[in-house]
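Go ahead and model the full structure; you've got the sequences and the hints to work with.
Residue numbering for the sequence shown is 1 to 190, as defined by my numbering.
Just so you know, the hints here were simulated from the structure itself, not pulled from any lab data.
Watch out, some of these pointers could steer you wrong.
Unchecked claim - Listed next, the in silico DSS-like pairs over lysine-lysine satisfying Cα-Cα at most 30 Å (straight line):
(1) K120 / K157
(2) K61 / K4
(3) K166 / K120
(4) K4 / K157
(5) K4 / K120
(6) K61 / K166
(7) K120 / K61
(8) K61 / K157
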Amino acid sequence: MGAKAQTTLELLDRYCESGPSSGQHDLIRSAQTLVDIVNSISINVTERQPLSPASRAEAAKALISILSTVVRDRNHDAYQNSTWPRRRPHGELSIDRNLYERLIGTTSRTSPAGGNFVIKALQDLPEARHFVEELEEILAMLDTIGWGPAPQAYREKLGALISQLKGSGLSMSSGKRPAGSLDRKVKRMK
1 MGAKAQTTLE LLDRYCESGP SSGQHDLIRS AQTLVDIVNS ISINVTERQP LSPASRAEAA
61 KALISILSTV VRDRNHDAYQ NSTWPRRRPH GELSIDRNLY ERLIGTTSRT SPAGGNFVIK
121 ALQDLPEARH FVEELEEILA MLDTIGWGPA PQAYREKLGA LISQLKGSGL SMSSGKRPAG
181 SLDRKVKRMK
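As structure tokens, then:
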């Protein structure tokens with residue numbers, strides 16, 4: 001996983017263990033920081049063209065690692081085992097205590113990822129095809145995960161991305177776009 005993302009999660013863990021202190025991140029700030037990191041990777045891939053295939057594969061690996069960590073390890077009440085006396089604010093929503101739910105498991109307006117956490121960034125990286133198996137495992141987990149499965153729209157987007165990546169190995173090598181059944185009847189205009 002990217003060093004910045006790992007640091008963000010370590011800061012969240014320290015915050016949850018010992019309470020508020022300078023330099024540490026609560027869950028809401030950590031979620032926004034992870035979204036910013038994902039967006040930064042996506043922008044760098046787009047703006048720093050041409051990137052080597054190895055650099056693009058490394059970006060895909062970092063993005064998938066972030067997604068995997070959130071899905072596998074961060075679907076719980078972050079403050080549940082806190083040693084400091086945290087008073088839960090009246091009306092506090094579960095998305096303010098669960099990183100997975102905040103980034104993936106909700107379609108509410110409070111989700112900083114807008115229902116596309118990591119997916120949008122991976123759409124521009126055909127090199128992510130090397131990690132399709134891991135994405136399929138994540139998708140399977142999203143169907144059965146605690147605190148309710150991921151929203152249907154998110155699962156469908158991830159499934160479509162996986163299908164796109166499975167097909168990208170073939171389409172990228174030929175250099176030609178695939179012909180559809182209607183393409184032969186359409187004349188091109190100059």
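Here is what the structure says about each hint:
1. Our distance criterion of 30 Å between C-alpha atoms is met by K120 and K157, whose separation comes to about 9 Å.
2. For the hint linking K61 to K4, the alpha-carbon distance of about 14 Å falls within 30 Å, and the restraint holds.
3. Under the criterion of a C-alpha separation no larger than 30 Å, the hint pairing K166 with K120 is consistent with the structure, at around 16 Å.
4. Pair hint K4 plus K157 holds up; C-alpha atoms about 26 Å apart against a cutoff of 30 Å.
5. Restraint check for K4 and K120: satisfied, since their Cα atoms lie roughly 19 Å apart, inside the 30 Å limit.
6. Between K61 and K166 the alpha-carbon distance is near 16 Å, which keeps this suggested pair within the 30 Å criterion.
7. The hinted pair formed by K120 and K61 meets the criterion: a straight-line CA distance of about 14 Å does not exceed 30 Å.
8. Between the alpha carbons of K61 and K157 the distance comes to roughly 19 Å, so the proposed pair stays at or under 30 Å and holds.
In terms of the numbered hints stated before, the structure departs from none.
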